[in-house]
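**Q** Sequence:
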Amino acid sequence: VVPGTYNGINRAGYHPRVHFTGSLNPGMSGGPTIDREGQVVGINVATAGNQVSFLVPVSRLQALVGGYKIRGTAIANMQAYIGAQLLADQQEKFGRLLARDWQSISLGESKVLDELVPFVKCWGGSNSSDDKAQFLSADRSCRSEDNIYLTSTFATGILEYQFIWLEANKLNPWQFYSYYERLFGDFAPGNRAGEEDVTDFQCDNGFTQGASGRQSKTVFCLRAYKDYPELYDILFLQGSVDDSDRALISHFTLAGVSKDNGLAFASKFMEVSQWQ
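Take any residue in the sequence shown, note its place counting from 1, add 7, and you have its number in the numbering used here.
To be clear, the hints were calculated from the coordinates, so they are not data collected in a lab.
Since the structure is predicted, the reported quantities are computational estimates derived from the model, not experimental observations.
Treat each hint with caution, since some may be false.
Stated by the list, open to error - Keeping only pairs whose Cα atoms sit at most 25 Å apart, straight-line, the calculated SDA-like set for lysine to any residue is: (1) LYS224 - ALA162; (2) LYS275 - SER148; (3) LYS224 - ASP121; (4) LYS224 - GLY201; (5) LYS233 - GLY201; (6) LYS266 - LEU94; (7) LYS177 - ILE165; (8) LYS139 - PHE191; (9) LYS233 - LYS128; (10) LYS275 - ILE165; (11) LYS128 - PRO23; (12) LYS275 - VAL9; (13) LYS118 - ASN212; (14) LYS76 - VAL65; (15) LYS224 - ASP137; (16) LYS76 - TYR88; (17) LYS177 - GLY132; (18) LYS128 - ALA87; (19) LYS177 - LEU190; (20) LYS118 - TRP130; (21) LYS266 - PHE101; (22) LYS118 - LEU105; (23) LYS100 - LYS177; (24) LYS233 - ILE165; (25) LYS100 - HIS26; (26) LYS118 - ALA87; (27) LYS128 - ALA19; (28) LYS233 - GLY131; (29) LYS128 - LEU93; (30) LYS100 - GLU152; (31) LYS100 - LYS139.
Said to hold, decoys possible - Computed spacing ranges between beta-carbons, pair by pair: (32) GLY11 - GLU203: 36 to 46 Å; (33) VAL72 - GLU203: 28 to 38 Å; (34) GLY192 - CYS129: 16 to 26 Å; (35) ASN134 - ARG103: 27 to 37 Å; (36) ARG199 - VAL72: 47 to 57 Å; (37) GLN110 - LEU190: 20 to 30 Å; (38) PRO23 - ALA91: 15 to 25 Å; (39) GLN110 - ASN134: 18 to 28 Å; (40) GLY74 - ARG199: 46 to 56 Å.
Ideal placement from N, C-alpha and C gives every residue a C-beta, glycine not left out.
Kindly generate the complete structure, drawing on both the sequences and the hints.
**A** What follows is the structure, encoded as structure tokens:
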């Protein structure tokens with residue numbers, strides 16, 4: 008038995024979790040956390056060290072028990088049951104995201120997507136204070152605070168996006184393009200998955216013209232979940248191509264989404280994030 012302090016529901020994540028200050032260890036996973044009256048308030052699921060731990064609210068367990076009582080039997084096809092839950096979860100999440108009024112923030116000479124919702128956290132950086140820098144780089148990255156564990160090698164439910172503004176500064180056009188090309192090809196999906204979990208990425212490449220008339224190269228890639236039909240990981244890249252001394256790279260990855268939601272997200276993402 009380990010004592011600790013109940014700190015309420017963690018509002019930073021999309022899925023509610025109880026923030027618990029106590030020294031949980033992996034052997035306690037799935038065990039109950041009780042209050043002083045002996046009532047179960049949560050189920051131990053995660054620890055982040057330094058007495059920072061998280062619990063699934065007991066209401067989720069009550070829903071599972073209630074479902075079993077209604078069915079009167081165990082779930083016959085657990086894989087299909089999990090797949091249906093994942094599909095419904097992403098539909099609710101992206102329904103909310105796509106219905107929002109997306110705001111932008113300045114980055115270099117561009118406008119890029121700002122923090123979407125409380126469960127997506129953003130940060131940024133720049134090398135503008137480095138007098139020896141061969142090029143100017145400013146970036147902004149955003150990532151959702153939680154994910155969905157499926158196996159030890161497979162996680163889903165992640166949303167992340169990133170923008171990089173580049174200026175040649177001391178580089179000649181060839182040097183700048185060489186660095187830009189290398190950076191453009193250096194992105195990867197934001198979630199872990201093995202070849203037994205997902206197919207290889209299939210990609211479409213093309214060129215688009217923004218509202219300002221500037222041309223961009225776009226890459227839209229998806230890989231299917233082998234055990235969960237209609238769910239995909241999506242990787243999107245967009246890079247400006249008109250200038251030899253400046254560039255904007257936009258990128259996002261979505262894990263565990265339907266194809267329609269991924270395309271809708273990409274369309275809105277390109278509308279909001281543009282070189283002015």
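**Q** Hint compliance check: list the failing hint numbers for this structure, sorted ascending.
**A** Of the numbered hints, 1, 4, 7, 9, 12, 15, 18, 23, 26, 28, 31, 36, 40 do not hold.
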